[in-house]
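Those protein sequence lines, which keep their order, are chains X and V.
For the first sequence, the working numbering begins at 6 and goes up steadily by one.
For the second sequence, the working numbering begins at 61 and goes up steadily by one.
Fair warning: there could be bad hints in the mix.
[Said to hold, decoys possible] Quick list of simulated restraints, FRET-style, between CB atoms: (1) X:V241 / V:E174: 52 to 62 Å; (2) V:D187 / X:V144: 41 to 51 Å; (3) V:R74 / X:K113: 22 to 32 Å; (4) X:M6 / V:D259: 34 to 44 Å; (5) X:K113 / V:P89: 29 to 39 Å; (6) X:M199 / V:A151: 43 to 53 Å; (7) V:E174 / X:M6: 19 to 29 Å.
[As the list claims (entries may be wrong)] Rough simulated footprint, nothing fancy, chain X against chain V, three-plus residues with beta-carbon under 8 Å: (8) 114 to 127; (9) 132 to 138; (10) 147 to 157; (11) 163 to 173.
No lab work stands behind these hints: they were computed from the structure.
Because the structure is a prediction, the values reported are computed rather than measured.
Cβ coordinates follow ideal geometry from the N, Cα and C atoms, glycine included.
Here are the chains, one letter per residue:
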Amino acid sequence: MRRAYQAELLKLRRRSVVIAALLPAALAVLTTVLTFALAKTSPTFDPGGPNFVQRLSALADPGGMTQGYSLGMSLFGLVALIVTIANTTSEFSLGTLRTTFLAQPNRKAWLGGRLLAIGTLLVVAFAVALVAAVATAYVMAPVRDVGTSAWLSGSGIAAAFGDYLNALLGAAFFGLLGTAIAVVVRSTVPALAMAIVWTFPLEHIIQGSWPTATQVFPGLLFATVAVGGVSDAPYVSALLASAGYAAAALAVAMIVMTRRDVTA
Amino acid sequence: MTNTAVEVRGLSKRFGRREAVTALDMSIPTGVVAGFIGPNGAGKTTTLRMLLGLIRPTAGTGTVLGLPLSDPAGYLPKVGALIESPAFHPALSGRRNLEVLACLGGHPRARVDEVLGRVGLADRGDDPYRAYSLGMKQRLGIAAALLGDPALLVLDEPTNGLDPLGIRDMRELLRGLAASGPTLLVSSHLLAELEQVCDWIVALDHGRRVYQGPAADLLATGRSAVMLRPEREADLSALAGLVADAGFETRLDAGRLQVTGEVHDAAVADLNRGAAAAGIGLVEITPIRASLEDRYESLVTTKES
Chain X
6 MRRAYQAELL KLRRRSVVIA ALLPAALAVL TTVLTFALAK TSPTFDPGGP NFVQRLSALA
66 DPGGMTQGYS LGMSLFGLVA LIVTIANTTS EFSLGTLRTT FLAQPNRKAW LGGRLLAIGT
126 LLVVAFAVAL VAAVATAYVM APVRDVGTSA WLSGSGIAAA FGDYLNALLG AAFFGLLGTA
186 IAVVVRSTVP ALAMAIVWTF PLEHIIQGSW PTATQVFPGL LFATVAVGGV SDAPYVSALL
246 ASAGYAAAAL AVAMIVMTRR DVTA
Chain V
61 MTNTAVEVRG LSKRFGRREA VTALDMSIPT GVVAGFIGPN GAGKTTTLRM LLGLIRPTAG
121 TGTVLGLPLS DPAGYLPKVG ALIESPAFHP ALSGRRNLEV LACLGGHPRA RVDEVLGRVG
181 LADRGDDPYR AYSLGMKQRL GIAAALLGDP ALLVLDEPTN GLDPLGIRDM RELLRGLAAS
241 GPTLLVSSHL LAELEQVCDW IVALDHGRRV YQGPAADLLA TGRSAVMLRP EREADLSALA
301 GLVADAGFET RLDAGRLQVT GEVHDAAVAD LNRGAAAAGI GLVEITPIRA SLEDRYESLV
361 TTKES
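Isolated chain X (complex conformation) (with noise of 0.2 Å):
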């Protein structure tokens, strides 16, 4: 597995990566300007649950400083889904999955080795996201007069980690998912339809009438983790539900890549 992580960490090694990598940076900066520039004054104001627009108060707690940061990586889910999928999906297209298994037999390890370094890529991208929302913070502060001393508390820091936590265990569980969708679907166009349209315009749909979905579909499931829970939905209950799906995933992924003959 050692070998197949080294080796995807230097297919990622290229300028359009990098690139893509400071997306959520860019992100993570709009979100958190946004955050700053529409929230309310008014002290009775309520944005019930996870919602650019805040109470401006709110901004100085603790976990003031990460409340875009957390609000804009939840909207990356759909990207972290899209990307897996098209990613994976390429390497049965462009035939380089066969390339790719007469180097390295063992295609646990291959798949195995391919997440972690796709993993190391979210892990970087939203550190440096995060480093960017708060120096935005910092810069936003002043201009709406919000007070900065809790942010860098004991319970600012913890806020601030388990808010970059929340939405990197948010985003594996869609790439996970998207992985598991692309080595059963194969093909790019039906796999991304097919996962876009659940996961979020008839999940949506189905919650709108039944606030349960949040509870038990698993585009909602990791969104509400990604935030840190909703009111529909504990986090923790979310979470255990996500780690669920998101390891059946990995196991549906790892028997039909190992199963299945490369034809392509």
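Following the hints, position chain V against chain X.
Frame of chain X; chain V shown alone:
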């Protein structure tokens, strides 16, 4: 080291209701350049994929480099292969693609420059793969196959899509590879190309083996021909009668007489003596060797009849 690089018994592969390979017995001695021949759809690529662990046989057993087919991880480090068309990441350079494969296979990074040089891509290694011509892509595919310094090199249709110059270059490359030691298993439906480089032949038709053995034996058996030219053109009809009396078919061909049938050396000597006894001087006796294509056609026709 075993005497056979590849040995399979009863190898079969079924895709749904279609049987792509049927009970194939095949043996390829170590050190030969083996041609794996047959038309498109004969089952060549499916067989190669089974040998390389990419697809599972429906039935059958075998060994590659002495290790069982069921353990591709055991033998693949000593096998290099180019299956169908070369497949690399278009955005990466040729060199980076090879570095990725070297890393995956646990080969030293220094091998990348060695194999790039060997296939004549040393100067173009840093260009993106998508900018390569078809011939360069094929060469990069062979470079990838050579990364592990293989004992068995499997090349599937290495001249596919190449222009005549590219085919000639590829032939030279194959000759160079063959001279350097590994057993070569080269699949192609371009039989004229294989005839020039192979010393062992395995022929398939509709998923079944129709021949296996030395290429020289295949080319020496079956129908052959001899071209005779009398000193005087006026003797052609007399010569034709003499040849017909000996039981051979003849055909006039621009002042010469083509003799077809089982024309072995002894028969040629008899014809020569007979002509001399009849006062016909022969100024040309040219054996016409049947091509691999002729032989393959003959094998398939015989099997069908």
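Hints, verified against the model:
| no. | hint | verdict |
| --- | --- | --- |
| 1 | X:V241 / V:E174: 52 to 62 Å | 55 Å, holds |
| 2 | V:D187 / X:V144: 41 to 51 Å | 43 Å, holds |
| 3 | V:R74 / X:K113: 22 to 32 Å | 26 Å, holds |
| 4 | X:M6 / V:D259: 34 to 44 Å | 41 Å, holds |
| 5 | X:K113 / V:P89: 29 to 39 Å | 35 Å, holds |
| 6 | X:M199 / V:A151: 43 to 53 Å | 26 Å, violated |
| 7 | V:E174 / X:M6: 19 to 29 Å | 27 Å, holds |
| 8 | 114 to 127 | holds (count 3) |
| 9 | 132 to 138 | holds (count 3) |
| 10 | 147 to 157 | holds (count 7) |
| 11 | 163 to 173 | holds (count 4) |
Violated hint: 6 only; the structure is consistent with all others.
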